[in-house]
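J.: Got chain A; can you put chain B on it based on the hints?
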Amino acid sequence: MQSVCYVRCVRRLWGPAQASQILNVTNMHRSVRQLQHKKVMEDNKPWALISEVGGQGYIEEVTDIMKQHFQIICHKDFLQNPLLHGPKIQAMFVWNALPAPKPALLSSLPSLKVVANGGVGIDHLDVSYITSLGVKVTNTPGVVSDATADIAMGLLLASARNIVEGHQIAVNPNTMHTQCQMGVEVTGSTLGIIGMGHIGCKIAQRGKGFDMKIVYHNRSRRSVEDEQAVGASYHDNMDDLLKASDFVVLAVNLTPETTGLISHRELSLMKPTATLVNISRGLVVDQDALVKALQSGTIRAAALDVTHPEPLPRDHPLLGLPNVLITPHVGTNTYTTTRRMVQRMVENAVAALKGQTIPNEVKPK
Amino acid sequence: MAEEKTWALVSEVGGEHGYLEELADILKQHFRIICYRELLEDPVLHGPKIQVLFMWKYCPAAEPLLLGLLPSLKVVVSGGVGIDHLDVPFINSLGAKVANTPGVVSDSTADLTMGLLLASARKILDGHQIAIDPKTMHIPQSLMGVEVTGSTLGIIGMGEIGYKIAQRSNGFEMKILYHNRTRRNVEDEQAVRASYCESLDDLLRQSDFVVIAVKLTSDTTGLVGHRELSLMKPTATLVNISRGQVVDQDALVKALQSGSIRAAALDVTHPEPLPRDHPLLGLPNVLITPHIGISTYNTARRIVEKMVENALAAVKGLPVPNEVKLQLHNQC
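Going line by line, the protein sequences match chains A and B.
Under numbering that gives the first Met the number 0, the first residue of the first sequence carries the number 0, and numbering increases by one thereafter.
Under numbering that gives the first Met the number 0, the first residue of the second sequence carries the number 0, and numbering increases by one thereafter.
The set of hints was computed from the structure by calculation and includes no laboratory data.
The reader is advised that the hints may include incorrect statements.
Among chain A residues calculated to face chain B with C-beta under 7 Å, some are [to be verified]:
#1 G153
#2 H307
#3 P310
#4 T326
#5 V329
#6 N332
#7 T333
We put the beta carbon where it would ideally sit given N, CA and C, even for glycine.
Okay, chain A solo, but in the shape it has when bound:
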């Protein structure tokens, strides 16, 4: 640091040209040049646009992963001078759908090579549009699956066994001796998985440990080995799965085909003792139909990690129902999984910038 201060002093006193001459002949010359070189190298890292650190954005603990390969700029700072910063940005990291890769933003990023999403769901991205601009899109499948499957089981068990209600009774300062409602049995019950992708299979694996009978519905049937590994039976007709299940878990991705997949009709096919668990996207379920089904006892309960929107308006009927458990989209909220997601997101972006094979490229349909 001393050498830099020296350089500044010399430059201030003598002006740049003369300072150079003087500095060239001093012993400080080499160390200063080394410092300057290092700064230039850091500045040579490609620029990446992110939403923010803290707040709605990244936890502080994961920013080091991004900074290893990128010079990051937050959206707020970018907006201070988009003309200056825009052309430098080659990568955009999207976390919790922010910053939103909309036309207005993308048009101010002429050097953009990749939109890298943190998370596997990409329903919030217009992949066709983004790729039409010559920009690649990536996501982070695989690394999210264990934590998401864990949350699905956690919600299923918490709902079945009235854990939240039980806690509230146990710690209520005003009352003792309050009856906790009886729960429903998980062991040996029937688990119906709608969407048997990577996450769905891991849910099945966990359900098996509870001796649950596993049935599933998927666009396409899985292999015999996959089915046998978790003891799962395929139901070509989703209605059959709905009728047979004690717990229905939604693990599809959100597409035009799965939007509103579960509505009045589907809920009415479910057992009145059944529980709906949603860890996919809020829009997969018709929320008005769900409210009615819960109010009327058409189904026993629901446990949702996802809603539409997130969060729900504060006066939404779902918030007031006693047989609903809602978590604020925490499916991947562990330090370990969050780090893995950011690592994968960065890996994808680095590969895109280097023109190498991208691990998780999302191609337009």
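T.: Chain B only, in chain A's frame:
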């Protein structure tokens, strides 16, 4: 004329500690039920008729005063598997047998254990409270939990319930350690991929989740205290589904307040319920449920059916399937 049913004493039907109607109906199929309150109205008249005492959630308590009113008592049948609340030698000395209901409680208790573990690890309670809070405007990014998949689970007490907990944890690819009075056989261990820790201390040091599934005896009272909690990782979670007294509660409060351990999830405390000003109730990193390990319709029904089975056998002078016999080591 219909054969008169044997008289059996219960706490109450309905109410906080009583039987659900549907469950009482199962008892009524085989017994003439009399409630505790009714007995007290005329103990001299009713007492001698009673041959069976059904205990549910520790009520009615098999205390000397009550037992003194029941000269014809043949059996005390307790719903559930724990019998730490029963003075078995004393009851036997009065000529009555004691029976419990092992086996039927294990699945639902293991299920609740996993539910508590996951709810604590993934902050489901906090999440729900934030999700429904009228002041919540944004999804919080800082509500971080700890990873369950691939973590290390230490089970203290590898009986039937402990074993079923291990089975469920396999599905989450947890590394399983266990400590028990005696080591299980190799086939059992391999079936659930569990490794024996002869030293409880080793289990405590290595585990991300410590689950207590022992029964309460003089040996296990205060098993987990200051020293044991300080051996645990600061990122570890304690889950207790055994009995409150297995844990030194004051030590637990200190460990939770100081960050010696990350969190605790308890289905059992001492007493139950805790006094309303107990420090455990105010800690943000504690999840407590009111002893609901067997609270499902299915399991409650199976427990009652097993209670009936045992009582009928005792009344008929036949071998009682789940008789609790005195062992070399004191149970209570």
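J.: All the hints need checking, so say for each whether the structure fits it.
T.: Do the hints match the structure? See the list:
no., hint, verdict
1, G153, "holds, 3 Å"
2, H307, "violated, 12 Å"
3, P310, "holds, 5 Å"
4, T326, "holds, 4 Å"
5, V329, "holds, 5 Å"
6, N332, "holds, 5 Å"
7, T333, "holds, 4 Å"
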